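*Asks:* With chain A fixed as given, assemble chain B onto it according to the hints.
Residue strings, one per chain:
Number of protein chains: 2
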Amino acid sequence: VRRFIIVGHKASTSADFKLDDLAGGAGRLDVLLRCVNSAFFLSHSIRKDVEVLLVLQGPPRPPRTVRFCGPEMRYLNPDERSTGALVRNALLKSSAEEARSSPGVYVRDAGLAEVLASLPEECVLVYLKEDGAPLASLEKAADMAFVLSDHLDLGDAEESMLRRRANGTISLGATSYHADHCITIVNHRLDML
Amino acid sequence: VRRFIIVGHKASTSADFKLDDLAGGAGRLDVLLRCVNSAFFLSHSIRKDVEVLLVLQGPPRPPRTVRFCGPEMRYLNPDERSTGALVRNALLKSSAEEARSSPGVYVRDAGLAEVLASLPEECVLVYLKEDGAPLASLEKAADMAFVLSDHLDLGDAEESMLRRRANGTISLGATSYHADHCITIVNHRLDML
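Just so you know, the sequences run in chain order A and B.
Per my numbering, the very first residue in the first sequence carries number 1; after that it's consecutive.
Per my numbering, the very first residue in the second sequence carries number 194; after that it's consecutive.
Since the hints were derived computationally from the structure, they do not count as laboratory data.
These numbers come from a predicted model, not from an experiment.
Even for Gly, the Cβ is constructed at its ideal location relative to N, Cα and C.
Warning: the hint list may mix true and false statements.
Coverage of chain B stretches by chain A, computed from C-beta distances (three or more under 8 angstroms per stretch; other residues unrestricted) [stated by the list, open to error]:
| # | segment |
| --- | --- |
| 1 | 216–229 |
| 2 | 232–243 |
| 3 | 260–274 |
| 4 | 353–360 |
Just chain A, same shape as in the assembly:
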């Protein structure tokens, strides 16, 4: 499994947003939706070995995590609006326990700490950060996770939580990229190995 965990610092935790206003009223949910696209889509198929976890930390009741599970995924289209509708449907569910909202889409009341704690012990967690080792040194593992942040940087508490669990830190170079672009670059690199 290749897991991408993306922290949405302001992303809405209720379904009370408009699909016409994903970049505004939904707390930059557009950033996270593009990450779902980058993680899953190939030219004529969907990656089955991928899981995406969107950690939503915006109002009104953070945190909640929407999980996209490759092997079960259906009704996923590449455009932002239709993926936004899947997230909105998920947020309509009650989620004290993880609940399924559509095939391959799940929601639960969990934040970054719970998501990291739920990773299997053998999962190699890679922290993507400018001060990391070169991308060329990234090695493929059967179970890997990458953590990224939306348009805002990770907070100090999030970063130290991550550094504690991380098996390594990788840099994509001197340039800083949007989270969805980072995912595309990592996917391509792993495809080449």
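*Replies:* Leaving out everything else, chain B in the frame of chain A:
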């Protein structure tokens, strides 16, 4: 200049589409809008050395080309909907001659043949194709152009036009990617050189 030319085989050539239906009624314009995002956006800025040409071949009066010019660009946001609005505004203009619709956005009645013919002679045109040379062999030039296609493959006539002008063919590996993901991979590779 780093130029990305993307052929939209069904993409609308009139402004008569809804921003709520970019993937449907606008002829998969969503694919092209994601290419604009991948070409231009860095974490906290826009690439100034990039130009994107969207070659629209859908009804009602193909072809038309919308050009996004990095050095002059304003009002560009990363979400599909707002870039869709820029394209729609461009398509409202009459464009027998190239016309400017907003800062950095231009439209003219031109197709792939005219776009290729307008490239400066020194521009190194790279054709991205599965049978090309490895990405690692890509060399940086002061003026480069890359041609990509939307969700449909290039037609035979388009492909032979391209092969005639191309200075080389590069492959991104055995996996086929969406056009916007190809652009991200190429941008990252060139950033590393």
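*Asks:* Next step is simple, just say for each hint if it's right about the structure.
*Replies:* Status of the hints after comparison with the structure:
1. 216–229: Since three or more residues must qualify, the claim that chain A covers the segment 216–229 of chain B holds, with 4 doing so at under 8 angstroms.
2. 232–243: holds (count 4)
3. 260–274: Check passed, 5 qualifying residues.
4. 353–360: violated (count 0)
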